[in-house]
Amino acid sequence: MNQFLLCFTILSLVASLGGSLEAQQPMALTLDRAIDMCLSRNWEVKAGLHKVAEAEGGVISARAGFMPTLNLRGSYTRLSEIPSLDMETPILGMQQVPVFGPMGDTIGYTYTLDFVGMEKLGFDMGEEDNYLASVGVTQPIFTWGRTLNGYWLAKHNLNASREDYRKKKQNAVFNVISSFYSVLVGREFLKLTEESYAQVARHAESAARLYREGKASRLDLMRANVARDNMKPQLLKARNSVELAIDGLKLAIGLGAVEQVEIKGELVYEPAEYNFEENLSAATIYRPDLLAAKERKKMASKAFAIAQAGNKPTIVARANYDYKKPYNFKNDWGTDWSATVALSFPIFSGFSTMGESRRAKAQLEQAEVAEGGLKALVELEVKSAYLALKEAEESIKSQKKNIEEAEEAYRIAEEQFENGLLSNIEYLDTQLALSQAKANYVKALGEFNIARAALDRAVGKDY
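Heads up: the sequence shown is residues -23 to -1, 1 to 440, going by mature numbering (1 follows the signal peptide of the UniProt record, and there is no 0).
Careful: at least some of the hints might be erroneous.
[Said to hold, decoys possible] Capping the alpha-carbon separation at 20 Å, the derived lysine to any residue pairs in SDA-like fashion look like this:
hint	residue 1	residue 2
1	Lys360	Gly349
2	Lys28	Lys274
3	Lys241	Gly349
4	Lys241	Lys28
5	Lys241	Lys274
6	Lys214	Asn152
7	Lys192	Asn396
8	Lys274	Glu381
9	Lys289	Ile37
10	Lys420	Glu171
11	Lys168	Lys28
[Stated by the list, open to error] DEER-style ranges, computed between Cβ atoms:
hint	residue 1	residue 2	range
12	Glu382	Arg179	20 to 30 Å
13	Gly42	Thr312	25 to 35 Å
14	Val112	Leu56	21 to 31 Å
15	Glu31	Gln211	47 to 57 Å
16	Ser61	Ser321	52 to 62 Å
17	Ala41	Phe328	28 to 38 Å
18	Asp439	Ala5	38 to 48 Å
19	Gly327	Arg18	30 to 40 Å
20	Gln237	Asp439	26 to 36 Å
21	Leu62	Phe328	30 to 40 Å
These aren't lab readings, by the way, just hints derived from the structure by calculation.
In this text, a Cβ means the ideal position worked out from N, Cα and C, and glycines have one as well.
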């Protein structure tokens, strides 16, 4: 039994350890996956989506202005004192009146109705307990365009919020692409640094061998060793740069700093045709911030119309249906209804309408100026990204040729140094030229891919 428990415990520990090791495996991260994760994790993108939801709620609220409002009201009122009506009424009575004959003598008596005094009467004008259940409907009939303009203002705000959301997504994706290629460039720089270190280390070994054989001076040996040792800090710096670039990528995606990732991708050059005029034309159609500026100008126009209607009349219809007790001065339940058409015409409001109109007009003019300035900024951004792309493309072509020549020069220099036909300084200069050519090529590849992403963003391309 004890052996069984021991085996079970060991197996449980092994399974737990295996699950822990599996959980610690780094996440494979391609560019497409990084973009997808960014769109679902980036906090600015999430905030933009909530902003769209807020604007959608504003449209629903504005649409309600066209519809009737229905109110149900119920109340109970207890009166401490019932109002009453006191009044005095005359008292009439029968009076005996003598009847006279022709000679003036009393021949009999008769009775007639006559005023005999005053009587005080009181009437209660209600009950102590009062109950009311009421249904009321209110329908705006005419608001001088306030309701309609308010609805369109909310619609334009929704459209602007959606374009802002597109802009946030495009910015987030560009940051991921830029960070991703920064990692690839840093990784290639690390490879080049490791390659350069291997070359100078191999050169230091050759210098030591030639020194022992008497074919190299002690100065050549010392310079070779110094060149090798100088590469060690550069190697550490390159490794740190890659690590920091990966942290920057995780931040752009929305991953935690402790999450382990494995970057899957290569620096490649994929030539494509780009036309500046076509890109500029596309930017005026698809650029989200430009579209948002147009929507905000429309918002300002509607707000100006609403402000101008501040001193205009409105017409509202109301209807009520009541079920109450007491009813018609009787302590019974009864129903009645009422219907009203009301006209409201503000005559004087302390010049507030004039002030609101001036403010709204100024905001409209600001929106028009902002749209014009943004158009110029978009054109500059498209041009800048386009020129950066063409510059990187030319740099790739030229540096690729430089690498071929530098590699051939390095091969010749290595042979000549081995044969004692080349000085140490000349050899190191050749090795440095090759490293510089490769570094420039890697840099151009990274700049090309980032510039292409920048041009896509400048045009307004969605992902």
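| Pair hint Lys168 and Lys28, alpha-carbon separation not exceeding 20 Å | violated, 45 Å
| Does the Cβ-Cβ separation between Glu382 and Arg179 fall within 20 to 30 Å? | About 21 Å separates the Cβ atoms of Glu382 and Arg179, which means 20 to 30 Å holds.
| CA of Lys192 to CA of Asn396, is that 20 Å or under? | Holds, at about 9 Å.
| Taking 20 Å as the top limit, are the C-alpha atoms of Lys241 and Gly349 close enough? | violated, 43 Å
| query | Does the Cβ distance between Asp439 and Ala5 fall inside 38 to 48 Å? | reply | violated, 25 Å
| said: Holds or violated: the 30 to 40 Å window for the beta-carbon distance between Leu62 and Phe328? | reply: violated, 49 Å
| query | Do the beta carbons of Ala41 and Phe328 sit within 28 to 38 Å of each other? | reply | holds, 30 Å
| Given a hinted range of 26 to 36 Å, is it respected by the beta-carbon distance of Gln237 and Asp439? | Between Gln237 and Asp439, where Cβ atoms are some 31 Å apart, the hint holds.
| field | Verdict for Ser61, Ser321 (Cβ pair) under range 52 to 62 Å | value | Since the Cβ atoms of Ser61 and Ser321 sit about 37 Å apart, the hinted range of 52 to 62 Å is violated.
| field | Hint consistency between Lys274 and Glu381 [alpha-carbon to alpha-carbon, up to 20 Å] | value | violated, 56 Å
| Cβ distance range 25 to 35 Å for Gly42 and Thr312, holds or violated | holds, 31 Å
| Holds or violated: Lys214 to Asn152, with C-alpha atoms at most 20 Å apart | violated, 23 Å
Checked against the numbered hints listed earlier, the structure breaks hints 3, 4, 5, 6, 8, 9, 11, 16, 18, 19, 21; every other hint is satisfied.
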